[in-house]
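Student: This is what each chain is made of:
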Amino acid sequence: MSATAMRIALVGNPNCGKTALFNQLTGGRQKVANYAGVTVERKEGRFVAPSGRTLHVLDLPGAYSFEATSPDEAITRDVCYGRYPGEAAPDLIVCVADATNLRLHLRFVLEVRRLGRPVVLALNMMDAARRRGIVIDVDALSRRLGVPVVETIAVKRGGAQALIERIDASVPKVTPAPIDEATVEQLHAEVRSILADTVTLPRDTVALDDAIDRWVLHPVFGLAILATLMFLVFQAVFSWAQPVMDAIQAGIAALGTTVTGFLPEGSALHSLLNDGLFAGLGAVLVFLPQILILFLFILVLEESGYLPRAAFLLDRMMFRVGLTGRAFIPLLSSFACAIPGIMATRSIQDPRDRLTTILVAPLMTCSARLPVYTLLIAAFIPDRTVAGVFNLQGIVLFTLYFAGIFSALGVAFVIKRLRKDKSEHALIMELPSYRLPNVRDIALGLWERAVIFLKRVGGIILALTVLLWFLSSFPGPPEGATQPAIDYSIAGRLGRLLEYVFAPIGFNWQICIALVPGLAAREVAVAALGTVYAMSGSDDALASQLGPVISHQWSLATALSLLAWYVFAPQCMSTLAVIRRETNSWRNVAVAAGYLFGLAYLASLATYQIARALT
Amino acid sequence: MTTFEWVQGVVIGTIVAASAWMAFRKLLPKTSTRVLAHVSASLNRDGRAPSLRSLGRRLQPAAATGSCGDGCGSCNSCGPAVAPTEAQPLQFKPRRPS
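Going line by line, the protein sequences match chains U and Z. Position 250 of the first sequence, counting from 1, maps to 249 under numbering that gives the first Met the number 0, and the rest follow consecutively. Position 97 of the second sequence, counting from 1, maps to 96 under numbering that gives the first Met the number 0, and the rest follow consecutively.
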């Protein structure tokens with residue numbers, strides 16, 4: 000074993016606080032939340048102990064047992080057994096256990112102990128255990144297990160100090176592994192015996208949790224509460240964001256006027272800054288407040304422990320359409336972004352269930368669709384109150400999100416029928432204790448989302464906007480040209496060609512141009528529309544406000560058709576790349592892209608033709 | 000051509016070239032890494048001028064990150080680099096008759 004770079008693995012049952020502890024030790028900012036299955040792959044970090052030693056820390060996916068039943072559990076098993084390719088067995092295993100739920104977590108501790116490697120038990124969430132009146136005789140527990148035991152509170156600053164000191168003092172001796180193989184029943188019996196000797200438990204569950212769950216898990220009231228929560232989220236996205244969006248829009252317009260004021264009107268550089276950067280990037284940047292409000296709700300729900308309850312509520316309905324209740328968390332993650340959602344399917348044991356979830360995950364409305372949706376809704380749906388309380392624009396946004404959900408359920412149902420699946424699936428899922436979200440964690444989470452969005456605007460969106468400006472500007476118009484310059488450019492000609500394909504669904508050539516760079520990332524379509532309309536001779540005063548321009552030039556049928564397109568179309572190459580990686584098959588990528596584009600075209604065609612007939 | 004037009008051409012050319020390279024790196028990371036490695040190797044060959052060899056070394060791409068573009072709206076990536084075994088491709092086995 001190296002004296003300078005000890006390798007430590009954090010293992011334990013799901014949702015016991017391994018990643019929070021990992022963040023405490025390494026200063027990392029890996030995602031944490033109050034439900035099982037957040038970490039589905041191995042994460043590595045390092046920290047320098049007070050003695051000056053460098054320690055490598057591995058954060059492993061949660062596992063209930065070394066009898067792995069899902070791909071993420073297999074990673075933990077392989078690393079602990081030293082079978083993971085390119086990875087030596089850890090020098091020390093820190094087994095993390097939820098102090099409020101030792102009855103469940105100690106069984107895995109006993110399994111880890113049998114590996115015969117140095118082990119430290121970190122009793123996490125000790126603050127919650129004390130609040131519930133749980134008394135743990137730590138010394139007695141240490142003696143019974145034969146391993147050092149330390150108390151930790153991973154979500155509080157300095158909460159891992161005892162663990163750091165214990166690791167830094169000396170590596171615990173190798174625990175002698177029992178020779179005989181224990182059965183599951185024997186392990187449970189040993190857990191009961193240890194608990195009887197070392198833990199005083201006032202009651203098995205938290206009274207407050209039980210009281211809340213009586214309502215939240217009720218088959219009727221529970222669903223009503225879930226629907227109301229979702230509805231409120233989308234109302235807030237529209238109602239709360241507007242003042243900040245207006246301020247950002249005004250700021251961008253003022254900055255644009257100041258910066259381009261130094262350049263000669265009509266010069267290419269003036270056009271690049273005005274039509275490309277300020278009209279294009281500005282059109283995307285204004286949606287930052289709405290994205291942050293959406294994530295505020297998602298982060299609060301994740302931290303509170305409500306999400307697994309929602310999975311429990313929806314399990315019956317999801318099973319009927321061919322999805323497992325375990326698909327709920329991956330699908331919910333897909334509301335932020337389909338990529339982590341698809342990766343989170345690793346916690347689904349059945350390969351067919353996993354593939355179905357992967358194929359329908361892109362139908363969940365990711366946050367990149369939000370700029371497109373809100374641009375069109377703000378431009379075409381009147382901002383008026385319905386029933387004296389509800390915002391009509393918020394209702395339309397809510398409907399679009401639900402259109403994605405119902406489409407996913409429909410597609411899953413078709414897949415179920417095609418594969419003639421008659422198998423039964425039982426959902427076994429831990430319901431964590433409710434927790435008040437930590438304000439600092441929520442603020443940090445929002446800050447990270449804002450940074451990611453801004454980096455994206457300054458990265459791929461900026462690059463594609465500049466390229467689109469270039470393709471929309473060159474070649475220049477011939478002598479005596481009467482049309483706007485963009486009509487003679489490469490992008491203009493490409494848009495006219497694509498218009499033949501998309502005319503039946505109501506898309507004009509400007510939309511067709513925007514769809515092409517929008518394949519790289521959905522929000523680029525908004526930036527592209529901003530640039531294309533600014534270069535098509537639209538009034539400069541309107542260039543920084545795309546909404547009024549399109550509301551003058553498009554019909555309602557076209558706007559609704561584009562909304563329908565974005566509910567289904569796989570306008571994100573990264574998602575397709577992740578499907579390829581996770582399924583190891585181009586065929587699955589072709590199936591996903593094919594059915595999503597097909598659905599998008601059909602939905603847009605129906606929407607456009609019906610809306611045109613009615614208006 | 001006036002001085003302004005000349006400077007304007009250089010500035011726009013640089014911005015467009017940089018944008019094209021950024022888009023290439025973000026959208027086709029593996030291909031761009033291969034291209035960069037090829038260019039780097041051809042510059043950093045015996046017999047080349049020291050300045051070219053130095054440039055070749057600087058262009059040598061870092062180890063592949065496993066990225067696949069710029070990710071979606073919120074996560075900005077498709078996850079950290081993963082070992083091949085960790086990607087856990089789906090494998091189907093014929094169903095046993097019940």
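Simulated from the structure, these hints should not be mistaken for laboratory data. Keep in mind that a hint or two might mislead.
To be verified - The list that follows gives simulated cross-link-like pairs (lysine-lysine, DSS-like), each with its CA atoms no further than 27 Å apart: (1) U:Lys155 x U:Lys42; (2) U:Lys30 x U:Lys155; (3) U:Lys42 x U:Lys419; (4) U:Lys454 x U:Lys30; (5) U:Lys454 x Z:Lys29; (6) Z:Lys29 x U:Lys42.
Said to hold, decoys possible - Facing chain U, according to a computed beta carbon distance under 10 Å, are these residues of chain Z, among others: (7) Met0; (8) Thr2; (9) Glu4.
Stated by the list, open to error - Here are a few chain U residues that sit away from chain Z, every Cβ distance over 12 Å (derived from the structure): (10) Pro49; (11) Arg129; (12) Gly132; (13) Met229; (14) Trp239; (15) Met244; (16) Val385; (17) Leu417; (18) Ile441; (19) Ile459; (20) Ala462; (21) Trp468.
The beta-carbon is built from N, C-alpha and C at its ideal position, and this holds for glycine as well.
Student: All the hints need checking, so say for each whether the structure fits it.
Tutor: Verification of the hints:
1. Between lysine 155 of chain U and lysine 42 of chain U the CA atoms are separated by roughly 21 Å; this keeps the pair inside 27 Å, and the hint holds.
2. Annotation: proposed proximity of lysine 30 of chain U to lysine 155 of chain U holds, straight-line Cα distance about 16 Å (limit 27 Å).
3. Distance hint between lysine 42 of chain U and lysine 419 of chain U is unfulfilled; the C-alpha atoms sit about 38 Å from each other, more than 27 Å.
4. Using a Cα cut-off of 27 Å, the hinted pair lysine 454 of chain U and lysine 30 of chain U holds, with the two alpha carbons roughly 19 Å apart.
5. For the hint pairing lysine 454 of chain U with lysine 29 of chain Z, the CA-to-CA distance comes to about 21 Å; that is within 27 Å, so the pair holds.
6. A threshold of 27 Å between alpha carbons decides the hint, and for lysine 29 of chain Z with lysine 42 of chain U the separation of about 22 Å falls inside it, so the pair holds.
7. A distance limit of 10 Å between C-beta atoms decides the matter here; for methionine 0 of chain Z the minimum to chain U is near 13 Å, and the interface restraint is violated.
8. A hinted interface residue such as threonine 2 of chain Z counts as satisfied when its beta carbon comes closer than 10 Å to some beta carbon of chain U; here the least separation is about 13 Å, so the hint is violated.
9. Among the interface hints, the one on glutamate 4 of chain Z holds; its C-beta lies about 8 Å from the nearest C-beta in chain U, closer than the 10 Å criterion.
10. Its beta-carbon lying about 28 Å from the closest one in chain Z, proline 49 of chain U satisfies the requirement of being farther than 12 Å from that chain.
11. At roughly 36 Å from the closest C-beta of chain Z, the C-beta of arginine 129 of chain U stays outside 12 Å, upholding its exclusion from the interface.
12. The beta carbon of glycine 132 of chain U sits about 40 Å from the closest Cβ of chain Z, which is more than 12 Å, so the claim that it is off the interface holds.
13. In this structure methionine 229 of chain U is separated from chain Z by more than 12 Å, as the shortest Cβ-Cβ distance comes to about 18 Å.
14. Chain Z leaves tryptophan 239 of chain U outside its interface by the beta-carbon criterion, the shortest separation being 19 Å against a cut-off of 12 Å.
15. Every CB of chain Z lies more than 12 Å from the CB of methionine 244 of chain U, the least distance being 17 Å, so the non-interface label holds.
16. Listed as outside the interface, valine 385 of chain U is consistent with that label: its C-beta sits roughly 28 Å from the nearest C-beta of chain Z, beyond the 12 Å cut-off.
17. The beta carbon of leucine 417 of chain U is kept farther than 12 Å from every beta carbon of chain Z, the shortest such distance being approximately 14 Å.
18. The beta carbon of isoleucine 441 of chain U is kept farther than 12 Å from every beta carbon of chain Z, the shortest such distance being approximately 15 Å.
19. At roughly 4 Å from the closest C-beta of chain Z, the C-beta of isoleucine 459 of chain U falls inside 12 Å, breaking its exclusion from the interface.
20. Taking the minimum C-beta to C-beta distance to chain Z, about 4 Å, the non-interface status of alanine 462 of chain U is violated against the 12 Å cut.
21. With a closest Cβ-Cβ approach of about 8 Å to chain Z, tryptophan 468 of chain U is found to fall inside the 12 Å limit, against its non-interface label.
Consistency with the previously given hints fails for numbers 3, 7, 8, 19, 20, 21, ordered from lowest to highest.
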